[in-house]
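Protein sequences appear in the order of chains A and B. In this note's numbering, each residue carries its 1-based index in the first sequence increased by 7. In this note's numbering, each residue carries its 1-based index in the second sequence increased by 551.
Calculated from the structure, these hints are not laboratory results. This structure is a prediction, so every number in the text was calculated from the model and none was measured. Keep in mind that the hints are not guaranteed to be accurate.
As the list claims (entries may be wrong) - In the BS3-like style, the derived pairs of lysine-lysine whose C-alpha atoms are separated by at most 30 Å in a straight line are:
no.	chain 1	residue 1	chain 2	residue 2
1	A	Lys298	A	Lys238
2	A	Lys104	A	Lys167
3	B	Lys999	A	Lys84
4	B	Lys1020	A	Lys84
5	A	Lys140	A	Lys174
6	A	Lys167	A	Lys364
Unchecked claim - Stretches of chain A that chain B covers, calculated by requiring three or more beta carbons in the stretch to come under 8 Å of a beta carbon on chain B:
no.	segment
7	35 to 49
8	303 to 314
Note that beta-carbon positions come from the ideal geometry of N, C-alpha and C, so glycine has one too.
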Amino acid sequence: MLMDIQQHARELGLGLDLFSCIQCGKCTGGCPVSMTTALNVRSLVYGALIGDIAGPVHREELWDCTCCFTCVERCPKDVRPAEVIIALRSLLVEEGKVPSTIGNALMGIFRQGNPLGYAREDRTAWMDGLEVKPAQEGCETLLFTCCSSAYDIRAQAATKALVRVLKAAGVDFGHLGTEETCCGNEVRRLGEMGLFEMLVEEGKPLLEEVGAAQMVTTSPHCMNTFRHEYKLGMDVLHYTQWLVRLLEQGRLNLTGRVEKVVTYHDPCFLGKQNGIFDEPREVLKAIPGVKFVEMDRIRERSLCCEGGGGRMWFEGTNTEGRLAFQRVQEAADTGAEILAVACPFCMAMLDDAVKVKGLSERLKVMDIAELVAMAL
Amino acid sequence: MLAKPRIGVYICHCGTNIAATVDVGAVTEFAATLPGVAVARNYTYMCSEPGQALIKEDARTLGLNRVVVAACSPRMHEPTFRSASQEGGVNPYQFEMANIREQCSWVHHDRHEATEKAQALVYAAVMKAARLEPLEEREAPVTPAALVIGGGVAGIVAALDIADAGFPVYLVEQSDHLGGRVAELNRTFPDLEPVSEWLPALVDRVQRHPNISVYLNSRVAGITGFVGNFEATVEPVGVGLAPALGRPQGSPLQVGAIVIATGYNVFDPRLKPEFGYGLYPQVVTTLELEHRLASGDLAVNGKTPKEVVFIKCVGSRDQQLGRPYCSRVCCMISAKQAQLVRQALPDSRVTVFYMDVRTFGKRGEEFYDEARRVGVRYRRGNVSEIFRRGDRVVVRVEDTLLGRTLEHEADLVVLAVGMDPRPEATDIAALLKLPRSADGFFLEAHPKLRPVDTAVDGVFLAGCCQGPKDIPDTIAQAKAAASSALIPLMRGVVPMEAATAIVDPELCAGCGMCVEICPYGAPALDPLWGVSRVNAVLCKGCGACAVTCPSKAIRLQHFTPDQILAQVEALVGW
Chain A
8 MLMDIQQHAR ELGLGLDLFS CIQCGKCTGG CPVSMTTALN VRSLVYGALI GDIAGPVHRE
68 ELWDCTCCFT CVERCPKDVR PAEVIIALRS LLVEEGKVPS TIGNALMGIF RQGNPLGYAR
128 EDRTAWMDGL EVKPAQEGCE TLLFTCCSSA YDIRAQAATK ALVRVLKAAG VDFGHLGTEE
188 TCCGNEVRRL GEMGLFEMLV EEGKPLLEEV GAAQMVTTSP HCMNTFRHEY KLGMDVLHYT
248 QWLVRLLEQG RLNLTGRVEK VVTYHDPCFL GKQNGIFDEP REVLKAIPGV KFVEMDRIRE
308 RSLCCEGGGG RMWFEGTNTE GRLAFQRVQE AADTGAEILA VACPFCMAML DDAVKVKGLS
368 ERLKVMDIAE LVAMAL
Chain B
552 MLAKPRIGVY ICHCGTNIAA TVDVGAVTEF AATLPGVAVA RNYTYMCSEP GQALIKEDAR
612 TLGLNRVVVA ACSPRMHEPT FRSASQEGGV NPYQFEMANI REQCSWVHHD RHEATEKAQA
672 LVYAAVMKAA RLEPLEEREA PVTPAALVIG GGVAGIVAAL DIADAGFPVY LVEQSDHLGG
732 RVAELNRTFP DLEPVSEWLP ALVDRVQRHP NISVYLNSRV AGITGFVGNF EATVEPVGVG
792 LAPALGRPQG SPLQVGAIVI ATGYNVFDPR LKPEFGYGLY PQVVTTLELE HRLASGDLAV
852 NGKTPKEVVF IKCVGSRDQQ LGRPYCSRVC CMISAKQAQL VRQALPDSRV TVFYMDVRTF
912 GKRGEEFYDE ARRVGVRYRR GNVSEIFRRG DRVVVRVEDT LLGRTLEHEA DLVVLAVGMD
972 PRPEATDIAA LLKLPRSADG FFLEAHPKLR PVDTAVDGVF LAGCCQGPKD IPDTIAQAKA
1032 AASSALIPLM RGVVPMEAAT AIVDPELCAG CGMCVEICPY GAPALDPLWG VSRVNAVLCK
1092 GCGACAVTCP SKAIRLQHFT PDQILAQVEA LVGW
């Protein structure tokens, strides 16, 4: 059956506009994985437009897309090229043709509210000894921890550091505890629209019932979907944005020193997709003792870590030429001792790459919250 | 008191355009029965000589004082039938047209229904005609001088043509020299002719022309008046800059026509952060390369470039930047500069990355051929990103013909930057209430038929202020603007719209809503009486003020409530 991909995308609520495409190649030219895998988003747009792709086609490289949305940001004709991949993925999801690791992650979210498949009651294990107020008691700010921030051991350290910082600032914040459930940002980008809708239907009232004035997320991915796809009745901030405000208001005082050379990696979902480039840098520069240096590929030209779009649960078709390997080398070349991150996915990808590339002696990957906590 | 109507009604066959669908005989018979109708006829082509003669003849012999023609759109032939009526002794404003072609025969199939509709339209036109008042067409004198705003090539050429025709021209330029953007160029396409061979001579002729007063370092700060009678105030830009030439400033300039030639801005590529412009010395704009080609110094970081890349459409054809238009010159500039780089650096490899090659002008394709003949490589792909690698930069791009993404290393990258509207255009637009298109360039009155006219009579456009164009097109448009500006100057008088709005001072509350709504600046509050008055020369008869006025103090002549209601009543009552 000849499938109308444009129509299908519209039904999924995607803004994909195949007919605007002039095949200029700006999308593929900027796609971070286009040189290392067979993925060619321009060619997929063309195939979908002319009907050459006429239904669910299993091309494994479709799962290589990190949904960094560089193509969407740069397209001169507002085609939103990456969404053709999401639309094609959704057809595969409907047919159950997904890589097994992705299937497991989706199942984990459905059953336990997290892609790692850990027990829901363990979601607050990271809080041990920290005394975090339940949001259900009412709070000004709702702190939302990404599933990675809650379960991943390395990311947990950043979450704990953030809580210590917030407590030091004396702000009123709460947490949903074990009721907190995956935001579904990657679920939507994997094309599992049914599960995503379910997460929104159940999650939205839960989040809004708290009655908080704002939500602060540990991950740019959660922030992204809460901002743009949940349409919540409250402001959604990334934690670095909040830290900048607390520093400006004088509520957060950094008296310690971190005598380190630090560089910073822009997360795609924070920077490219939401234009938040300055706040993380401002926080780092406010830490006494930090010598801040920049890599060459930053801000709108930042290199993707390959952790988004479901890639946390899918190795990709090319395991040799990982972008994170390239990225940590770039960071090390600046002479930085610390590669600061502001996203639990970037943390996982880059921390791993530092180990694989044997750079552990020279370079340490740390979350911005951890560096701030060191300066309390 | 209006004379008792004696109306002549004429139904046109328009060959078969109308007659094939509408029973013109039946419409004629019907028209003859309508009140006030003295005669009703039909004819094959009413707009033909014999058709017009029918009107003139009847008007004279039957003593008609109103004429109705049922034919095509008034956009087409209203002027024709108005003058025919006038020649027959009928006031041209006591003529009314019923459109039974575009609004009837062309859009309907059923002959019976179309005929009935045509009859209804004729009925309405007759009802209105009976109530039409005679109006007088007047003329206003014209100040025989012109103002040209902008001293680039467009302004220079327009000023010279008007001055050569014998009229004084005031040429106002905000910088300290004439020549505009072209003065920044080295050689021009498609002949690689140095600008120095023709521009200085042109500037010199302007400066020595007895009819041209040049105001450098100056801007137009205010414009009042209307076609034939504008008054412009010119003031110096910046402090302590005296005009290099021309008469002392201060006294307002009186002119009959205005040519706007304010030019364009070069797109700032920092708005496309993916290219790293401003960060890397290897990345330059076409304008910067133009200067380097002129000086002969193409070295980057002290080294002669071996790999040179051109990137097209930087700041053009880009909806994300709000610049959806093609800048029309960048393909030719790239082809020109690529050839010149090949000439200057024979050992270099020159690659042009493009989305489309649009070298459409005269000798454009041949020029593109020449670029490839001298060894320029064209590769299809819109460059996505530039980053550093050692002392080179990497151009990341998909070669879409290969379907392969490349990291093309380069020593010199040239961004073919497009054209932006100038921010000062906002001020000029506000002074004259000139409309601009969505892209910010000035809007011509009609894209085909009135390409240098504006919505404001007596104000004309030349060059890139109207939209991106190359030098030949700019000069062609400047000459067109000059000759259009000469029409009122040479005639010495301008016709005034007769169907204007008039204010009843007894009813006017002086609220000023008409002043705000009018796109032409026609109404103004009388400072002494506090009531609105409409300047009949500025009024276009659009009626916006009449419907806005909360006191119903404004009456639009030729479209009075009485006339329109009679028309509506005829149609509704049908």
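Open item on the list: For the segment 35 to 49 of chain A, count the residues whose Cβ lies under 8 Å from any Cβ of chain B; is that count three or more?
Closed with: Contact hint for the segment 35 to 49 of chain A vs chain B: holds, 8 residues under 8 Å.
- Item | Straight-line alpha-carbon gap Lys999/B to Lys84/A, limit 30 Å | holds (27 Å)
Inset, instruction - Verify the proposed pairing of Lys140/A with Lys174/A, using a straight-line Cα cut of 30 Å. - result: holds (11 Å)
Just to be careful, I want the Cα atoms of Lys104/A and Lys167/A compared with a cutoff of 30 Å; is the pair within it? Roughly 38 Å separates the two Cα atoms, so the pair is violated.
**Asked** Keeping to a limit of 30 Å between CA atoms, is the pair of Lys167/A and Lys364/A held or broken?
**Response** holds (28 Å)
* **Coverage of the segment 303 to 314 of chain A by chain B, judged on three or more residues with CB within 8 Å** => Holds, because 5 residues of the segment 303 to 314 of chain A bring their Cβ atoms closer than 8 Å to Cβ atoms of chain B.
- Item | Hinted pair Lys298/A and Lys238/A, Cα distance within 30 Å | Not satisfied, since the Cα-Cα distance of roughly 39 Å exceeds 30 Å.
Lys1020/B and Lys84/A were given as a pair; does the straight-line alpha-carbon distance stay at or below 30 Å? Roughly 22 Å between the alpha carbons, so the hint for Lys1020/B and Lys84/A holds.
Hint violations for this structure: numbers 1 and 2, all remaining hints satisfied.
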